[in-house]
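A.B. asks: So you can see what is in the structure, the chains are spelled out below.
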Amino acid sequence: MERSNNGISGTIDLNGSIPPSMAVDLTGKVHQLPCCIKFNGPSDVSHYFKPKSTGVIVDGLSVEEAYFRGRKLQGTTVAIPHGYSGFVLGKKMSDAKSKRSKEDSSCWETKAKFQNITLWNHDSLPSENDASLRAFHLFSVATALHQPVSVEDLEAASIDQELEL
Amino acid sequence: MGSLGQLPIWGSKPCIMGIDEAGRGPVLGPMVYGCLYCASSYQKTLSTLQFADSKTLKEEKREELFEELKTNESIGWAVDVIDPRDLSAKMLKKNKINLNEISHNSAIGLVRKTLDLGVLLTEVYVDTVGDPEKYRVKLSEIFPAIKFVVAKKADSLYPVVSGASIVAKVTRDRALRDWVLDESAENMQRNFGSGYPGDPETKAWLDNHKHAVFGFPTLVRFSWGTCNAYSKDSVDVVWEADADEDESNGRASKRQVKLTDIGFTGVKRKSEDIESSGKGRCKFFQARKLELLAQF
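Chains as they are written, first to last, in the working numbering: chain R, 1 to 165; chain L, 1 to 296.
Careful, some of the hints might be misleading.
[To be verified] Distance condition first, Cα-Cα at most 16 Å in a straight line; then the derived EDC-like pairs of lysine to aspartate or glutamate:
no., chain 1, residue 1, chain 2, residue 2
1, R, 72, L, 182
2, L, 93, R, 65
3, L, 210, R, 123
4, L, 153, L, 133
5, R, 50, L, 182
6, R, 72, L, 242
7, R, 72, L, 141
8, L, 90, R, 123
9, L, 96, R, 160
10, L, 134, L, 86
11, R, 38, L, 64
12, L, 94, R, 109
13, L, 289, R, 109
14, L, 147, L, 133
15, R, 38, L, 236
16, R, 72, R, 162
17, L, 90, R, 65
18, L, 152, L, 183
19, R, 52, L, 86
20, L, 96, L, 242
21, R, 91, R, 13
22, R, 29, R, 13
23, R, 72, L, 131
24, L, 58, L, 73
25, R, 72, L, 86
26, R, 92, R, 65
27, L, 93, L, 183
28, L, 90, L, 236
29, R, 52, L, 131
30, R, 52, L, 182
31, R, 50, L, 183
[To be verified] Sample of chain R residues at the chain L side, in silico, Cβ under 8 Å:
no., residue
32, 34
33, 39
34, 86
35, 90
36, 91
37, 92
38, 106
39, 109
40, 111
Read the hints as simulated data drawn from the structure, not as lab findings. Cβ coordinates follow ideal geometry from the N, Cα and C atoms, glycine included.
When you get a sec, could you build the whole thing from the sequences and use the hints?
C.D. replies: Structure representation (structure tokens):
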């Protein structure tokens, strides 16, 4: 991706320095919590955060529960829709060759990938109306917006229009 | 857990019940509500069974008395073990439930369960939580057919409550002794002490098991004031539920919201730490917490 001048600054290199097949797979380990943890860094998550399946199903979502800092969380694990992936991005490593990239703080690259995410609510059951789940709606909107229009589509649209008139 | 899955022969005669709790004060482990019941006609014999306030008895004596009453066919008993995870979660909900309410609900649950079994409860003696008279009225409204006696130190006044206190205390001690820690981190110790915040052994255990990100193992009641003393050692965690509370309470924060509404952006609202305001974004994106990121 090249830096453009239309107000966007920052680049993302999804391939990064490591080949995609070698990227760390975090599928099943990515959680979105309903709180802000003011800490960045490693922690012994798997020893302390223990999601359990409840057997309850809401809106076709299978409900899990876990506790964090004394709060009860209810969540559900959803697959990233087909054709998409989740990425964990990090600042691009500056190599010795290019001194410039050291100061360049807006170059990002893939550190890990994931194919599902567990979305957690505090106190409420997960639902298809949760904002985070509804975010996936963007994918069908984006497809509709960006799909090339075929001759047949145009014909169908103009016939519809004529019928309305 | 309790004595019987079915109605005892004497259960259809008028019965009395005592209710008491164990582990209300401790900062860790479950809180246990216990009840003991018998036919009113058995009351005299009951008072000869050496039941006394469980706190005045030695642990071995309590265990012994519990084993005895379990084999006594003229006595019924039941317990409600409230998990520390549930205690914390309820007290830290968006709509917080205080410990008194949790206690009342547990006692109400024990009465209901015994009635559902078919036991003809006519008198119930309860060790009070909060104001005795208010508690008595609350119980009487739910169970109009039962005469409630709610008193301070009921466990030392009424043998049937003393019995209930033994049931509760022994169950709580055993639950803590056999507690299986959720956490699989190395070096987890089981020397919890009594669980009371003042107990040096409990203090030492809390010190050795605090965690910067996770706080404590889930055995600990995070909603206890004792835990706040440790928060300076741990990472800040901001919850939406708390941010809402700050906004709806104090006048100062209300004024801040107004200032930001009319364009003063210097005052940062707490909730902004959690999510951006969504101002200027199309509704479709706002409702889905999506934002175009141009500078990153």
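A.B. asks: Against each hint, give a clear statement of whether it holds in the structure.
C.D. replies: So, going through the hints one by one against the coordinates:
Using a Cα cut-off of 16 Å, the hinted pair residue 72(R) and residue 182(L) holds, with the two alpha carbons roughly 14 Å apart. This hinted pair checks out: residue 93(L) and residue 65(R) have alpha carbons roughly 15 Å apart, not beyond 16 Å. Between residue 210(L) and residue 123(R) the alpha-carbon distance is near 24 Å, which puts this suggested pair outside the 16 Å criterion. A distance of roughly 14 Å separates the Cα atoms of residue 153(L) and residue 133(L); the hinted pair therefore holds under the 16 Å criterion.
This hinted pair checks out: residue 50(R) and residue 182(L) have alpha carbons roughly 8 Å apart, not beyond 16 Å. Between the alpha carbons of residue 72(R) and residue 242(L) the distance comes to roughly 14 Å, so the proposed pair stays at or under 16 Å and holds. Of the pairs offered as hints, the one joining residue 72(R) and residue 141(L) is violated, with about 31 Å between alpha carbons and a cut-off of 16 Å exceeded. Between the alpha carbons of residue 90(L) and residue 123(R) the distance comes to roughly 9 Å, so the proposed pair stays at or under 16 Å and holds.
As the CA atoms of residue 96(L) and residue 160(R) are separated by approximately 56 Å, the hinted pair breaks the 16 Å bound. Between residue 134(L) and residue 86(L), the direct Cα distance comes to roughly 25 Å. Violation of the 16 Å bound is thereby established for this hinted pair. Between the alpha carbons of residue 38(R) and residue 64(L) the distance comes to roughly 51 Å, so the proposed pair goes past 16 Å and is violated. Simply put, residue 94(L) and residue 109(R) have alpha-carbon atoms about 38 Å apart, too far for the 16 Å limit, and the pair is violated.
Under the criterion of a C-alpha separation no larger than 16 Å, the hint pairing residue 289(L) with residue 109(R) is inconsistent with the structure, at around 24 Å. The suggested pairing of residue 147(L) with residue 133(L) holds, with an alpha-carbon distance near 13 Å, which does not exceed 16 Å. Restraint check for residue 38(R) and residue 236(L): the C-alpha separation of about 5 Å stays at or below 16 Å, so the hint holds. Proximity of residue 72(R) to residue 162(R) is assessed by CA-CA distance (about 57 Å); at most 16 Å being required, the pair is judged violated.
As the CA atoms of residue 90(L) and residue 65(R) are separated by approximately 14 Å, the hinted pair is consistent with the 16 Å bound. For the hint pairing residue 152(L) with residue 183(L), the CA-to-CA distance comes to about 38 Å; that exceeds 16 Å, so the pair is violated. Note on residue 52(R) and residue 86(L): the hinted pairing holds, with a Cα-Cα distance of about 15 Å set against a maximum of 16 Å. A distance of roughly 11 Å separates the Cα atoms of residue 96(L) and residue 242(L); the hinted pair therefore holds under the 16 Å criterion.
In summary, the hint linking residue 91(R) to residue 13(R) is supported, as the alpha carbons are separated by about 10 Å, within the 16 Å threshold. Annotation: proposed proximity of residue 29(R) to residue 13(R) is violated, straight-line Cα distance about 23 Å (limit 16 Å). Between the alpha carbons of residue 72(R) and residue 131(L) the distance comes to roughly 30 Å, so the proposed pair goes past 16 Å and is violated. Taking the CA atoms of residue 58(L) and residue 73(L), the gap is about 25 Å. The hint is violated against a cut of 16 Å.
A distance of roughly 8 Å separates the Cα atoms of residue 72(R) and residue 86(L); the hinted pair therefore holds under the 16 Å criterion. For the hint linking residue 92(R) to residue 65(R), the alpha-carbon distance of about 36 Å lies beyond 16 Å, and the restraint is violated. Among the hinted pairs, residue 93(L) with residue 183(L) is inconsistent with the structure: their alpha-carbon atoms are about 23 Å apart, more than 16 Å. Taking the CA atoms of residue 90(L) and residue 236(L), the gap is near 21 Å; set against the 16 Å cutoff, the hint is violated.
Distance hint between residue 52(R) and residue 131(L) is unfulfilled; the C-alpha atoms sit about 39 Å from each other, more than 16 Å. Only pairs whose Cα atoms come within 16 Å are accepted, and residue 52(R) paired with residue 182(L) is accepted, the gap being roughly 11 Å. Proposed proximity of residue 50(R) and residue 183(L) is supported: the alpha carbons are some 8 Å apart, at most 16 Å. Look at residue 34(R): its Cβ gets to within about 6 Å of chain L, closer than 8 Å, so that hint holds up.
Because the closest C-beta pair between residue 39(R) and chain L is about 4 Å apart, less than 8 Å, the hint holds. Interface hint at residue 86(R): violated, since its Cβ lies 15 Å from the closest Cβ of chain L, which is beyond the 8 Å cut-off. The restraint placing residue 90(R) at the interface with chain L is violated, with a minimum CB-CB distance near 12 Å, outside the 8 Å limit. Hint on residue 91(R) is violated. Least Cβ distance to chain L is approximately 11 Å, over the 8 Å limit.
Against a cut-off of 8 Å between C-beta atoms, the interface hint on residue 92(R) is violated, since the closest Cβ of chain L lies about 12 Å away. For residue 106(R), the suggested interface contact is upheld, since its CB lies about 6 Å from the closest CB of chain L, less than 8 Å. Nearest Cβ of chain L to the Cβ of residue 109(R): about 13 Å, over the 8 Å cut. The hint is violated. A hinted interface residue such as residue 111(R) counts as satisfied when its beta carbon comes closer than 8 Å to some beta carbon of chain L; here the least separation is about 15 Å, so the hint is violated.
Going down the numbered hints, you'll see the structure goes against 3, 7, 9, 10, 11, 12, 13, 16, 18, 22, 23, 24, 26, 27, 28, 29, 34, 35, 36, 37, 39 and 40, while the others check out.
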